[in-house]
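Those sequence lines, one after another, are chains E and S.
First residue of the first sequence? That's 1 in full-length UniProt numbering, and the numbers climb one at a time after it.
First residue of the second sequence? That's 1 in full-length UniProt numbering, and the numbers climb one at a time after it.
Do not rely on the hints blindly, as some may be mistaken.
One copy or two, either will do: identical chains are not told apart, so a pair holds if it fits within one copy or between any two.
[To be verified] Okay, derived cross-link-like pairs now, SDA-like style, lysine to any residue, Cα gap no bigger than 25 Å in a straight line:
{"no.": "1", "residue 1": "Lys211", "residue 2": "Gly161"}
{"no.": "2", "residue 1": "Lys129", "residue 2": "Ser246"}
{"no.": "3", "residue 1": "Lys327", "residue 2": "Val179"}
{"no.": "4", "residue 1": "Lys129", "residue 2": "Thr299"}
{"no.": "5", "residue 1": "Lys247", "residue 2": "Gln165"}
{"no.": "6", "residue 1": "Lys337", "residue 2": "Glu262"}
{"no.": "7", "residue 1": "Lys159", "residue 2": "Leu104"}
{"no.": "8", "residue 1": "Lys159", "residue 2": "Ile126"}
{"no.": "9", "residue 1": "Lys4", "residue 2": "Thr54"}
{"no.": "10", "residue 1": "Lys247", "residue 2": "Met120"}
I should point out that these hints are in silico values taken from the structure, not numbers from a laboratory.
2 protein chains.
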Amino acid sequence: MNYKTIEHNDINYLKSIIDHTRVIEKNEISEDYAHDELGTITHMPDVLIRVKSTAEISCIMEYAYKQHIPVVVRGSGTGLVGSCVPIHGGIMLETTEMNQILELDETNLTLTVEPGVLLMDIYEHIEAKGYFYAPDPGEKSATIGGNISTNAGGMRAVKYGVTRQWVRGLEVVLPNGEVVQLGGKVVKDSSGYSIKDLMIGSEGTLGIITKAILKLLPLPKESISLLIPFNNIDEAMDAVPEIINSKVIPTAIEFMEKQTIEFAEEFLGRNFPDKKADAYLLLTFDGTSKEDVDRDYKTVANLCLEELKANDVLIVDTLERKESVWKARGAFLEAIKASTTEMDECDVVVPRQHVAQFIKFTHQIAEDLNMRIPSFGHAGDGNLHIYICRDDLGEAEWNEKLNIAFSKMYNKAKELNGLVSGEHGIGYAKKMYLKNQLKPTQINLMNGIKAAFDQKNILNPGKVCQ
Amino acid sequence: MNYKTIEHNDINYLKSIIDHTRVIEKNEISEDYAHDELGTITHMPDVLIRVKSTAEISCIMEYAYKQHIPVVVRGSGTGLVGSCVPIHGGIMLETTEMNQILELDETNLTLTVEPGVLLMDIYEHIEAKGYFYAPDPGEKSATIGGNISTNAGGMRAVKYGVTRQWVRGLEVVLPNGEVVQLGGKVVKDSSGYSIKDLMIGSEGTLGIITKAILKLLPLPKESISLLIPFNNIDEAMDAVPEIINSKVIPTAIEFMEKQTIEFAEEFLGRNFPDKKADAYLLLTFDGTSKEDVDRDYKTVANLCLEELKANDVLIVDTLERKESVWKARGAFLEAIKASTTEMDECDVVVPRQHVAQFIKFTHQIAEDLNMRIPSFGHAGDGNLHIYICRDDLGEAEWNEKLNIAFSKMYNKAKELNGLVSGEHGIGYAKKMYLKNQLKPTQINLMNGIKAAFDQKNILNPGKVCQ
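Just need the whole structure built from these sequences, with the hints factored in.
Here you go:
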């Protein structure tokens, strides 16, 4: 790409339109901004700007568009596929100071937020008032802008769907600096092509989200979790379609293996309530009345004990048990990361009856390649999180084995009618797997769309389909 | 547009690849194919083909693409904005013979269907087996392909959202004849730009839907409706935000005025259970247990009687009452149509607290222009159906008054942060209002997307954003 290199006069111009303390020059930028949470892709931006408003972003984009400077937006940097890494340098816009919750509209059941608001702050703000934002990704310190940009999923997708279903409206700055409003507070929209839905999951390549109108629900007053041990992953996974067939829809159906639980115990210095089994399902049920929630969980508990191969059903009801289970579940990614020197991840999604088959396939790869490949994930929606650990492998061997493992996994996902990414996105790291899975026509369509939004290819270039 | 005119050799070619009894030449095509349900836009196709398979559609598109012949897809023709009218002539593909329900997958809770399956046939097929497809547009003889193409909404959108949320995967034939699979049976998808979501609501302009994978839920076992009379539309509408604020989410909140009910009574030759009031809300509640449904409806009934201005609350529980209420609700469109010589419609959606204001605005327009403008609609989601009746107006006066009424209404919707169409789409009839509401940039983006899919502009040209 033939981008303009940032020079002194560009910095001067940016400092003339933005408070200069929020314009950070390259030599003062922390190395953290060169990578995301996983850190497999690295490149420093030439200038970091801590933006505060739509108007600022619009002015910066107008300048970048005229000057042909690449721009990458970053929220909390909790991504895993390099989406927020400025691989061509240029300007990085950090949105974490655009962190205002602008309006809770109780008539329309909407929450209007700036993009840098953290997920945890959304929950705190609305749950106290009796409202519920259903998407529940593991990483609560992610920004809502980042969540929308990757169409984040999370644990409650089994019952409540993914982020896309919870975004009513967006304000977006286009690559040339123009500001557009997409959707709104309204429930229905058949008014032309859904640019809003295109923006959701586009990983910061089509426009910059500067405001979001989220859909809320009344907070389900009751919820309970069940921890269900099984002899092995097969028996645990075989239970999932049967649970779904029982016509009870749990809020979440997570699976975890003993090994992963042990990493979390070590990482947290805290015991998990049960360690006798090789595999566990963790289910949650929620609802408006205790009777309904009780009926649902008892239906599933009886099914698991009587007709399926559960060893036991532990009701996660005491505060202590809740903390020990959910803290472990929340720590899996970091615990696995702490257990190895380096790792990379695979976030495929497959039809839910194929989860066991896929997990066993990764066990076989681990054995064949003599590597550790722990996993956990969302059994209820078929979305797996698989971690390939480097441990003490040398650079060349690591790269070789990683490529073999990834090729096998993504081919397997394709064979099972799965997709490359359930919720982490494509970014930079998964581009080749997306290109392997889709027809060239589909990739061309995506590039055609990208060109329609960003003729000069300045917004997060080199990502997703490029 | 410089399209190829269909000649004898084109017909011969099409008859050589498609069973000739399903290739209908212009002079044998019924006039019905020149228009949709509302009939405001008319143009005959040059050839009508009753397609039976993806492969057939692919071959036809390949030919049309090479020859530069426009192609329009039609389901049941129940649209209201001219989306399926072949304004440039050419080939019309009718999908009603692609009406197979291909698979009910109880493990993934999905239903795979061909595009010509009627909504009523979907309900019948799955409800008997204990499953639920939530979208509930008034017109049950619409095809699912048409529903997806307009992102149809319907009555249950308050609780369950619109068609978009119920489409997991699509098979689509692109304008050049290539077949692509979008999404699948999987619950989550962060694998590149959502071409599937772009296809939904694109009114047959970007690709031809040849298969759809729909999301299902277990059928809510219990449901009950309440018919609530109010002195006037203001008092009825003022109740809606309060009902939402009560943190009970009804399945549907419909509103209707006395005049509309009288049209339906006359049209059906059947009495409505109550006619004393000027305005009514019709609410439905559903759920898995009788206790929950009872608690919800009682909360709302008490609220309406004690704190809001309801005159009464009629529980719609007997079969006779259910039939009289829901048959009337289902007949509103046709009853209004039967009451006049000609009519046109406005399907705006506004934030729900503005519904009363909008309805009163239409009453004022009716008075000012000395016209009848009856309406009904989805109070719970802010989506109004407003019918401007020609009655005995002469052609010139009708057109003049219609334009004035539409301009005022669409401007008002914009002022209230509403959108041009909640669920009927833009098609041909509403293009100018979409262009008035959106920024030129947004229209340009839509045209850029259209060009990325359909460089030769052969698929349903002249619609939506063109």
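(request) Evaluate Lys211 and Gly161 at a C-alpha cut-off of 25 Å and name the case that applies: within, between, both or neither. (result) For Lys211 and Gly161, both the intra-copy (21 Å) and inter-copy (22 Å) Cα distances are at most 25 Å.
Exercise for review: Tell me, please, which holds for Lys159 and Leu104 at an alpha-carbon limit of 25 Å: within, between, both or neither?
Suggested key: both (24 Å within a copy, 19 Å between copies)
Fill in: Within, between, both or neither, where Lys129 and Thr299 count as close if Cα-Cα is 25 Å or less
between (31 Å within a copy, 19 Å between copies)
### Query
Is it within, between, both or neither when you check Lys337 against Glu262 at 25 Å Cα-Cα?
Within one copy only: 13 Å inside a chain, 69 Å across chains, cut-off 25 Å.
### Homo-oligomer pair classification [Ile126, Lys159; C-alpha up to 25 Å]
This pair counts as both: shortest intra-copy Cα distance 20 Å, inter-copy 19 Å.
- prompt: Is it within a copy, between copies, both, or neither that the alpha carbon of Lys4 lies no farther than 25 Å from that of Thr54?
  reply: within (24 Å within a copy, 48 Å between copies)
Is it within, between, both, or neither for Lys129 and Ser246, if the alpha carbons may be no more than 25 Å apart?
-> Answer is between; shortest inter-copy Cα gap is 13 Å, intra-copy 33 Å.
Q. Is the C-alpha distance from Lys247 to Met120 at most 25 Å within one copy, between copies, in both cases, or in neither?
A. This pair counts as between: shortest inter-copy Cα distance 22 Å, intra-copy 31 Å.
Copy assignment of Lys327 with Val179, given that the CA separation must stay at most 25 Å: Close neither inside one copy (41 Å) nor across copies (46 Å); limit 25 Å.
Q) How would you label the pair Lys247, Gln165 (within, between, both, or neither) given a Cα cut-off of 25 Å? A) both (22 Å within a copy, 19 Å between copies)
Checked against the numbered hints above, the structure breaks only hint 3 and satisfies the rest.
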